[in-house]
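S.K.: Residues per chain are reported as follows:
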Amino acid sequence: MNSTMLVTLNAVRKNVYEQEIFRHIDYSFASKGLTWIKGAEGQGKTLLTNLLCNLEAPDSGSIDWQESGGRNMGVVFDTPALISNLSIAQNLALALDHYQVPMNGKDKAEYISELLDAWRLIKTENLRPVALSRGQSCRVALIRALIANPKVLIWDDAFECFAEDDLHFVHYRLQEIHSQGMAFIFLSRRPSLGWDFPFTQITLKEGRLEV
Amino acid sequence: MKTTNHILDYLDALLRELFKWHKNRHVSLLVLINQVLFTGFEALTPILVSSFLLGGLVAYTGRTFLSDLGQNQLIYNLIIMAVIRDVGPLITGLIILLRSGTAITTELGSMRVNREIDALETMGISSMSYLVVPRVMGMVFSLLILGAYFTLMGLIGAYVTFFWLAKIPFTDFFLRFTNALNAADLYIPLVKAVFSGLLIGTLCSFHGLRVGRALTEVPQRAIKAVTQCVLALLFLHGIIALISFSLEGV
Numbered sequence: 000m001n002s003t004m005l006v007t008l009n010a011v012r013k014n015v016y017e018q019e020i021f022r023h024i025d026y027s028f029a030s031k032g033l034t035w036i037k038g039a040e041g042q043g044k045t046l047l048t049n050l051l052c053n054l055e056a057p058d059s060g061s062i063d064w065q066e067s068g069g070r071n072m073g074v075v076f077d078t079p080a081l082i083s084n085l086s087i088a089q090n091l092a093l094a095l096d097h098y099q100v101p102m103n104g105k106d107k108a109e110y111i112s113e114l115l116d117a118w119r120l121i122k123t124e125n126l127r128p129v130a131l132s133r134g135q136s137c138r139v140a141l142i143r144a145l146i147a148n149p150k151v152l153i154w155d156d157a158f159e160c161f162a163e164d165d166l167h168f169v170h171y172r173l174q175e176i177h178s179q180g181m182a183f184i185f186l187s188r189r190p191s192l193g194w195d196f197p198f199t200q201i202t203l204k205e206g207r208l209e210v
Numbered sequence: 000m001k002t003t004n005h006i007l008d009y010l011d012a013l014l015r016e017l018f019k020w021h022k023n024r025h026v027s028l029l030v031l032i033n034q035v036l037f038t039g040f041e042a043l044t045p046i047l048v049s050s051f052l053l054g055g056l057v058a059y060t061g062r063t064f065l066s067d068l069g070q071n072q073l074i075y076n077l078i079i080m081a082v083i084r085d086v087g088p089l090i091t092g093l094i095i096l097l098r099s100g101t102a103i104t105t106e107l108g109s110m111r112v113n114r115e116i117d118a119l120e121t122m123g124i125s126s127m128s129y130l131v132v133p134r135v136m137g138m139v140f141s142l143l144i145l146g147a148y149f150t151l152m153g154l155i156g157a158y159v160t161f162f163w164l165a166k167i168p169f170t171d172f173f174l175r176f177t178n179a180l181n182a183a184d185l186y187i188p189l190v191k192a193v194f195s196g197l198l199i200g201t202l203c204s205f206h207g208l209r210v211g212r213a214l215t216e217v218p219q220r221a222i223k224a225v226t227q228c229v230l231a232l233l234f235l236h237g238i239i240a241l242i243s244f245s246l247e248g249v
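As given, the protein sequences belong to chains A and B, one line each in that order.
Residue numbers for the first sequence follow numbering that gives the first Met the number 0, so the first one is 0 and each next one is one higher.
Residue numbers for the second sequence follow numbering that gives the first Met the number 0, so the first one is 0 and each next one is one higher.
Derived from the structure by calculation, the hints contain no laboratory data.
Small disclaimer: the values here were computed from a predicted structure and weren't measured.
Where a beta carbon is used, it is the ideal one built from N, C-alpha and C, also for glycine.
It cannot be assumed that every hint is accurate.
[As the list claims (entries may be wrong)] Here are the simulated BS3-like pairs of lysine-lysine, each with C-alpha atoms no more than 30 Å apart in a straight line: (1) Lys22(B) <-> Lys105(A); (2) Lys150(A) <-> Lys22(B); (3) Lys19(B) <-> Lys107(A).
[Stated by the list, open to error] Pulled from the structure, derived: some chain A residues nowhere near chain B, Cβ distances all over 12 Å: (4) Asn71; (5) Ala130; (6) Thr199; (7) Ile201; (8) Leu208.
Make a model of the complete structure from these sequences and hints.
M.R.: Here it is in structure tokens:
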């Protein structure tokens, strides 16, 4: 696999409940690039996210990640998917602990508090996810996905949960992160992305990716 | 048959994780403590009430019935069989199944529907280590603790009944009771508690994790979990009773 490619889909086919969703998908995602996969409802965006995240396997074909890139990903699903019986701070601490970011308890608490402040989530540390709005929950999900500085952020239904003012803020934060070299794969049904940096747009339609 | 194979594979994976839990950084102490508090502490009231009533009922019925047969001395053996060895552990298991077992299935099922488990998996956190192992361990610890409380309260219920019926002094009751006890009466309830906890935890978490994407699957899986657990608990307790009786030469 070309070293500038992060992940390659080779002749991927996938049926769900005997209905053919992906007929034949061949595509390589560039490392450090931004790919926007645009698709209407029911075209398989969530299924593609699941395949990329290794939550489901293709019926045939393969998904090949660049070496050591397979697990080095941050993922935001179409729902925030925060652990509901943990506080916001505990949700983020779980991710930090898992990625073994070396920090003592006090530093960790301060770091989490700084991150929440930077994403306009002041004084939410001790709240449970149910107490947050959808937009706030999505921002926490983004922080969790980005907390260990992964090689790639995969985001299903990207930006759908944000109101207009939040959208500008999140664009600004993500463009800042992207400029430091992180690859983004966004899957969305939005008509336009409103992104200042160059990006690749592909369309998911009738079981194929159209460049 | 297919489901049985899936459950056995799941049990195999769970036992492997259980045996190395102390080495596994994903086994959450917080989840374990919460499980013990929820299962072991908050279930105390129904356990104490049912054990007190069972102890009292066995003492009352047994005393009346055995007096008619002239076998009064067997009343303590009857209390031991009912409260400590056979009925007590089964009732404890059933109460915990209805209360905490169903909670495990519905909680894990809801987490599956809300994609919380997918989120853990994509972070590389095993749902078996992080979610299931602490719940099963909590279930086993809680059943051991609750079994002890059940025995104590059942004996209090039996003594209160004896005192009410015949004004038997506590020292008399205690001496006759301890004379009727043997070693098996102490370890068999422990064995039953450990296996019941393992069984309830395994089946309930298995069904919780088998929920797909639809919320309607959560109650369906909870019903399956309870039905299978009730049958399996009866079977398990029967097998342990048979083995213990054959070992004791009864």
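S.K.: Just pull the numbers of the violated hints for me, sorted ascending.
M.R.: 4
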